[in-house]
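Colleague: Keeping their order, the protein sequence lines are chains F and H.
So for the first sequence, our numbering puts the first residue at 1; every next one is plus one.
So for the second sequence, our numbering puts the first residue at 1; every next one is plus one.
Rather than coming from a laboratory, the hints here were simulated on the basis of the structure.
There's no promise every hint is true.
[Stated by the list, open to error] As a list, the in silico BS3-like pairs of lysine-lysine whose alpha-carbon atoms are at most 30 Å apart:
{"hint": "1", "chain 1": "H", "residue 1": "27", "chain 2": "F", "residue 2": "80"}
{"hint": "2", "chain 1": "F", "residue 1": "258", "chain 2": "F", "residue 2": "416"}
{"hint": "3", "chain 1": "F", "residue 1": "416", "chain 2": "F", "residue 2": "341"}
{"hint": "4", "chain 1": "F", "residue 1": "341", "chain 2": "H", "residue 2": "27"}
{"hint": "5", "chain 1": "F", "residue 1": "258", "chain 2": "H", "residue 2": "27"}
{"hint": "6", "chain 1": "F", "residue 1": "308", "chain 2": "F", "residue 2": "416"}
{"hint": "7", "chain 1": "F", "residue 1": "341", "chain 2": "F", "residue 2": "463"}
{"hint": "8", "chain 1": "F", "residue 1": "341", "chain 2": "F", "residue 2": "80"}
{"hint": "9", "chain 1": "F", "residue 1": "341", "chain 2": "F", "residue 2": "308"}
[Said to hold, decoys possible] Examples of chain H residues toward chain F, derived with CB under 8 Å:
{"hint": "10", "residue": "25"}
{"hint": "11", "residue": "33"}
{"hint": "12", "residue": "40"}
{"hint": "13", "residue": "53"}
{"hint": "14", "residue": "83"}
{"hint": "15", "residue": "89"}
[To be verified] Distance ranges between label pairs, derived from CB positions:
{"hint": "16", "chain 1": "F", "residue 1": "163", "chain 2": "H", "residue 2": "3", "range": "33 to 43 Å"}
{"hint": "17", "chain 1": "F", "residue 1": "74", "chain 2": "H", "residue 2": "23", "range": "31 to 41 Å"}
{"hint": "18", "chain 1": "H", "residue 1": "61", "chain 2": "F", "residue 2": "5", "range": "17 to 27 Å"}
{"hint": "19", "chain 1": "H", "residue 1": "22", "chain 2": "F", "residue 2": "54", "range": "29 to 39 Å"}
{"hint": "20", "chain 1": "F", "residue 1": "292", "chain 2": "H", "residue 2": "95", "range": "39 to 49 Å"}
{"hint": "21", "chain 1": "H", "residue 1": "3", "chain 2": "F", "residue 2": "363", "range": "55 to 65 Å"}
{"hint": "22", "chain 1": "F", "residue 1": "162", "chain 2": "H", "residue 2": "23", "range": "32 to 42 Å"}
{"hint": "23", "chain 1": "H", "residue 1": "16", "chain 2": "F", "residue 2": "266", "range": "26 to 36 Å"}
{"hint": "24", "chain 1": "H", "residue 1": "16", "chain 2": "F", "residue 2": "381", "range": "44 to 54 Å"}
It should be emphasised that the depicted structure is a prediction, and the values quoted were computed from it without experimental measurement.
Built from N, CA and C at the ideal position, the CB exists for glycine as well.
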Amino acid sequence: MIATTLGAIVDLVAIALFILGLHFLNSPAHARRGNRLAMLGMAIALIAAAWQTAGTAWLWIALGVVVGGAIGIFAALRVKMTAMPQMVALYNGAGGGAAALIALVEYYVQTHGAIGLYPVVGVSLILSAIIGAVSFAGSIVAFLKLQEVMIGRPITYPGQQFVNAIVALAIVGLGIWVFLGTSPAYAFPAMIGVALILGALFVLPIGGADMPVVISLLNSFTGLAVAIAGFELNNSLLIICGALVGASGTLLTVLMGKAMNRPLTNVLFGAFGAAGGSEPAGGGKGGPQNVRTASVDDVAIMLAYAQKVMIVPGYGMAVAQAQQSVKALADQLESRGVIVKYAIHPVAGRMPGHMNVLLAEANVPYPALLDMEDANPEFPTTDVALVIGANDVTNPAARNVTSSPIYGMPILDVDKAHNVIVLKRSMRSGFAGIENPLYEMPNCSMLFGDAKASVDELTAAVKAL
Amino acid sequence: MSDINALLGLLTILVLAIFVGFEVISKVPTTLHTPLMSATNAIHGIVLIGAMVTIAALFASGLHSPLLIGAATAAVTLGAINVFGGFAVTERMLQMFKGKDSKSK
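The following block holds chain H by itself, in its conformation from the complex (with noise of 0.2 Å):
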């Protein structure tokens, strides 16, 4: 019954996520399109926080397989490539848009 209602509240929050989602997206323009997608590229890098929680289960289950610590590694380690490296790459280009050449002649 509480798991019903767990589910319903998550999915309430997958909705309105994804409402947000379009609602703030649809107002960017084309210029800024491609630091758009890196940036939103960056923030499914929060997928790291789900590999950090997975390998500390994996932890916890008592199971000892060093294959699993190998992949639940991976995943943090591919986790960490997306954040780190989709900010970094979205502040790259973001630099160029602030180089405002002031009043061209």
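Excised from the complex, chain F in its bound form (with noise of 0.2 Å):
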């Protein structure tokens, strides 16, 4: 009795250190303490829950927290920032995987007895181990295709949703012949492996600009798995915890979505830029378009007597691996009395706040980040937009072609810059195979070539000046 109130006690304490570390993360300088907050409730509720459940399974308790935290600490340190989305999806199925397998071991256990499953014991022990085997599978799949393993654009197919919702039913009648009580002993496995193959196609349409939003939403989907298994297991740490999680997901996956202007079911069945038949998406295969090209000393030139240069980072930086090399372009340039700023779009690179993350691995300092709203209206006096593998979030044709796949998104006003510097690796459209007009415009000349390499090229020649 006295170690079950102690237990609450620490759950108590825990859960305070959780919601104050999430609290600290609302500002770049408290951020660190608000993670080591969070970190020291979990050190608490693991050493109070090992304190309680050891006994007879310690070993195998050991066994997996051994196995298990070396292998993620040692992942954690060894990934490149640029693969860092791929990492989160990998952690966040790790956790659905969890959830699903504690269900389906929990099955066995309730339903050892003669008395059978209480009904919200079994209506949660179906719903966690759906919805985690569906994260777990989807997480994996938006892994292999952030790590490019797999082909990252979005893969259709006819009667794509026709068969996702058969797939969908058949995880409905299994889970229904499960709560009845009256299936054999495989339905439950059997259910958990039809919601694994529902996990793999549903992420498998969507694609590049979209991850970012998968991601989240996955990272909401474990989080409601998690506190469903609350339930299960009548365990209030995992409830909160896991409202928590599912609650900020499902925000963040919402923020995105409204970035994008398109509402959630667009992106989870839109396949942007694919399919869709009407949408002349991939269209304008008329011939190349007309666009200017700029030599690195043009440029360079430009860049050295403008007052103040927009950087806008996009996916092609991220996979250049160029943020240190953009950093050393903008030293160069702020040495001479240019003044730098970077435009981040919400939604550009694969993960929410990808650019920022990568720019500050590369020492830029926060405040120089300019979100949309308020990079903007600064774009009218800037001299030179440097646009750095970004497409879509710079594309006009959001602001007025209606027949475009974008069109209504909020984008990056590059064009309104005195001078706009696309650096880019070849005239291939971006993943969703959308001409941008903007390259055809007067004022934008264009840089072609390896990202890091053109930066590289490009500070040595302001050097050189």
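Mind assembling these two chains? They're in different frames, but the hints should get you there.
Modeller: The following block contains the structure:
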């Protein structure tokens, strides 16, 4: 009895620490303290749980914690900053998988006695198994796409939504069967198996710029699965933590949907720029666009004698790992008295805030990073907008071409700057296959090549002036 | 009867926690969205505790299935990957934000 009371007190302290920790994440100055507080909460909760559950199972618990902890920490310390989105996806998948496995084991434990399942426990087991499995498989597919093991573009085929609907129906059917308590022992694992298939199928048609939305959504799925697992285990700590994460993941997902001005259903089922049929999405195969190319020296002169330069990074910067080079160029320009700022679109990159993390890694001070709302009023007074590997988020077609798949998405108004320089690998259109009329504008020039190499050449050229 | 009350108690906790979640998170600036996602990702690693409770319950139930022990141990392992990896990655990201480039020239 005393042990349970003590346990409850420890849980209370842990919860307070988690909420305080999240609260401190609201400013870069305190963010680290926030993470430390959350870690402390987790450590306290884990020690208390270990003390309460050790008993006969301690060997297996120790084995799992040591192996899993070692893998987790090793991977976290080794991963490159540019690979962060897929790493977060993997950890998220691990959590979802754990929730599904817990439900699986609990199902056999609870049905082992003659009493059968309590309805609440039964529903919780089934839901957390399904959601956890969907999150696990979805995260793995997201990881494979981001790691480019698998094709990153949306994968679509005719009748895709029909197939998904059938699979979802099968899950519902199996779930009801399990709930009624008359199903054979294999029904529960079968249900998890089908849920794994659904998770994979559901992420397949989503690609490219929609990945941040999916990762955030999967994060909230795992939170939900964990909260429901709290109901089956009668554990309020799991409920609270799961709900916190579920709420935050949902909020982030909605924020990003807003940033793209697309409803979530469109992100999940729209397969941006693919399928769609009626959209002339991949269109404009009508020959090459008329674009002007600039030489490195031209651009260097333009930059060096500018008053204000706005750097607009995109996924291309992450792929080329050009953030350090970008910072070096910015330093070079600043030493000549040029004001350098960065305009960050909310969905640039493959994770919410992806560009901010990369630039922070390169020691760019965070006050120089402007949100879309702060950056757009500054473009008309910007001499050079330097677009590094960003495409769709700068596409003016979003403003007025109603047939464009990205019509209505708020964009960075780079075209309003006096000059626009676009660093790009080739004239190939972005992942969505949408032509960008920006490139044909009279104030725009292209500088082709690998982003990192181009930026390094620019830095050298500016230095030589 | 008390089952219903217990369930209602848990549901109350759930709803309140959801509101707290929205409230706390809505104040986080875009700059910190990645670390935020990563930190919440680590917090749902609390599922590790669920896995520990489950494996203990499995042993207490007298079910001696190697398959189930394997599944429960896998759950603990995955939970541990989630917790330790999640916090380590978040810490690494935030370290970079800390690297104040004091009043750049």
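Colleague: Hints first: check each against the structure and report whether it holds.
Modeller: Hint check results:
Of the supplied pair hints, the one linking residue 27/H and residue 80/F holds, its CA atoms being roughly 28 Å apart against a limit of 30 Å. A hinted pair counts as satisfied when its Cα atoms are at most 30 Å apart, and residue 258/F with residue 416/F qualifies at roughly 23 Å. Proposed proximity of residue 416/F and residue 341/F is supported: the alpha carbons are some 16 Å apart, at most 30 Å. Distance hint between residue 341/F and residue 27/H is fulfilled; the C-alpha atoms sit about 24 Å from each other, no more than 30 Å.
A threshold of 30 Å between alpha carbons decides the hint, and for residue 258/F with residue 27/H the separation of about 17 Å falls inside it, so the pair holds. Restraint check for residue 308/F and residue 416/F: the C-alpha separation of about 13 Å stays at or below 30 Å, so the hint holds. Of the supplied pair hints, the one linking residue 341/F and residue 463/F holds, its CA atoms being roughly 19 Å apart against a limit of 30 Å. This hinted pair checks out: residue 341/F and residue 80/F have alpha carbons roughly 25 Å apart, not beyond 30 Å.
Pair hint residue 341/F plus residue 308/F holds up; C-alpha atoms about 8 Å apart against a cutoff of 30 Å. At its closest, the beta carbon of residue 25/H sits 4 Å from a beta carbon of chain F; the interface hint therefore holds under the 8 Å criterion. With a least beta-carbon distance of about 3 Å to chain F, the hint placing residue 33/H at the interface is held under the 8 Å criterion. The criterion of a C-beta within 8 Å of any C-beta in chain F is met by residue 40/H, whose closest approach is roughly 4 Å, and the hint holds.
Because the closest C-beta pair between residue 53/H and chain F is about 5 Å apart, less than 8 Å, the hint holds. Residue-level restraint check for residue 83/H holds (minimum Cβ-Cβ distance to chain F is 6 Å; threshold 8 Å). Using the Cβ-Cβ criterion of 8 Å, the hint placing residue 89/H at the interface with chain F is satisfied: the shortest such distance is roughly 4 Å. The supplied range of 33 to 43 Å is met by residue 163/F and residue 3/H, whose beta-carbon atoms lie about 40 Å from each other.
Checked against the hint of 31 to 41 Å, the C-beta distance between residue 74/F and residue 23/H comes to roughly 36 Å, which is consistent with it. Evaluation of the 17 to 27 Å hint for residue 61/H and residue 5/F yields a pass: the beta carbon distance comes to about 25 Å. One distance hint, 29 to 39 Å for the beta-carbon pair residue 22/H and residue 54/F, holds here, with the actual separation near 36 Å. Checked against the given bound of 39 to 49 Å, the beta carbons of residue 292/F and residue 95/H, roughly 42 Å apart, stay inside it.
Distance hint check for residue 3/H and residue 363/F: the Cβ-Cβ separation is about 57 Å, which falls inside the suggested range of 55 to 65 Å. Between residue 162/F and residue 23/H the beta carbon distance is about 40 Å. The supplied range of 32 to 42 Å therefore holds. A C-beta distance of roughly 32 Å is found between residue 16/H and residue 266/F, which places it inside the suggested range of 26 to 36 Å. A hinted range of 44 to 54 Å holds for the C-beta pair residue 16/H and residue 381/F, which are about 47 Å apart.
The structure meets every hint from the earlier list without exception.
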